[in-house]
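S.K.: Sequence:
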Amino acid sequence: MSTPDDQAANPVEVEIQGLHKSYGAVEVLRGVDLKVNRGEVVVIIGPSGSGKSTLLSCVNFMEPFQDGTIRVSGKWVGRIPDGRGGWMRQPDRELNALRTQIGMVFQHFNLFPHMSVLGNIIEAPMRVRGESREQAVDKARSLLARVGLQAKQDAYPSELSGGQQQRVAIARSLAMEPSVMLFDEVTSALDPELVGDVLVVMRDLAYDGMTMMVVTHEMNFAREVADRAIFMDGGVIVEQGPAREVIDKPRNSRTRRFLRMVEQQEADESTAAAA
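If you read the sequence shown in my numbering, its first letter stands for residue 16, the second for the next number, and so on.
The set of hints was computed from the structure by calculation and includes no laboratory data.
There could be a bad hint or two in this list.
Distance windows between CB atoms, simulated [said to hold, decoys possible]: (1) 173 - 277: 28 to 36 Å; (2) 41 - 176: 18 to 26 Å; (3) 207 - 160: 52 to 60 Å; (4) 106 - 249: 27 to 35 Å; (5) 125 - 160: 17 to 25 Å; (6) 260 - 150: 40 to 48 Å; (7) 283 - 176: 24 to 32 Å; (8) 286 - 143: 29 to 37 Å; (9) 125 - 235: 35 to 43 Å; (10) 35 - 211: 32 to 40 Å.
DMTMM-like, lysine to aspartate or glutamate: derived pairs with alpha carbons at most 20 Å apart [said to hold, decoys possible]: (11) 154 - 192; (12) 90 - 107; (13) 90 - 78; (14) 264 - 248; (15) 167 - 153; (16) 50 - 30; (17) 167 - 138; (18) 90 - 48; (19) 50 - 82; (20) 154 - 219; (21) 154 - 138; (22) 90 - 223; (23) 50 - 212; (24) 264 - 239; (25) 264 - 281; (26) 264 - 278; (27) 90 - 109; (28) 90 - 30; (29) 50 - 78; (30) 50 - 278; (31) 154 - 169; (32) 154 - 223; (33) 167 - 149; (34) 167 - 212.
By construction, the Cβ of each residue, glycine as well, lies at the ideal position given by its N, Cα and C atoms.
Based on the provided sequences and hints, a complete structural model is requested.
M.R.: Laid out in structure tokens, this is it:
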């Protein structure tokens with residue numbers, strides 16, 4: 016979590032310019048421009064279908080985009096200059112190497128069910144980064160301690176709660192030592208009582224200076240942890256600014272309508288839980 020001085024001094028970690036993404040005739044992203052500074056935490060909010068998750072998936076080119084550019088740590092992602100004034104798809108080997116610097120955690124945990132917790136975490140560092148088993152295991156145990164699961168290293172995903180699986184997924188991403196972490200609605204599939212432990216891990220990452228882009232509906236987390244909030248609707252950024260200002264005093268009428276809807280939904284859920 017960066018300070019205003021940090022944001023002014025730190026280099027740009029993620030730079031998105033003129034991003035367009037379509038599925039057939041449906042344009043999901045319509046010219047998105049966004050910069051995220053190193054150490055900054057940016058939350059992305061908005062209604063379903065607004066393009067939030069697609070934007071994250073474009074950052075590591077899991078979703079190929081048709082126009083625009085993305086750079087992470089100064090390196091092109093997905094589309095690169097072709098040397099003739101145009102653009103070409105990035106070679107897979109170059110793209111895959113760059114993806115190791117971009118950690119991504121999804122709504123669903125995507126752990127390997129046939130591997131233990133430890134096995135899930137050490138697999139990529141050994142195969143992709145060439146770390147020795149001893150190095151990978153030492154790092155994995157340290158990361159499990161960081162997410163509060165050091166006692167679960169020999170457990171299998173089916174033996175863990177959803178919140179525990181999500182924390183393992185975060186540890187697995189961190190094992191690759193990424194420069195930026197992308198979180199796509201990582202608490203939305205969890206039972207309410209399991210959400211808190213996952214958010215604590217994400218808060219700790221923010222306070223440790225990890226660059227983070229977070230799609231979330233957890234407004235208290237966004238208000239407390241994020242440096243900046245972005246409201247998306249219809250494939251464009253409608254409003255952005257300091258997180259507390261956007262969430263508590265939105266300027267745009269569409270942002271206000273969305274936040275009133277979220278507030279009402281939270282009130283209804285609270286009433287239902289108390290009944």
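S.K.: Hint by hint, which ones does this structure get wrong, listed from lowest number up?
M.R.: 2, 3, 8, 9, 22, 23, 30
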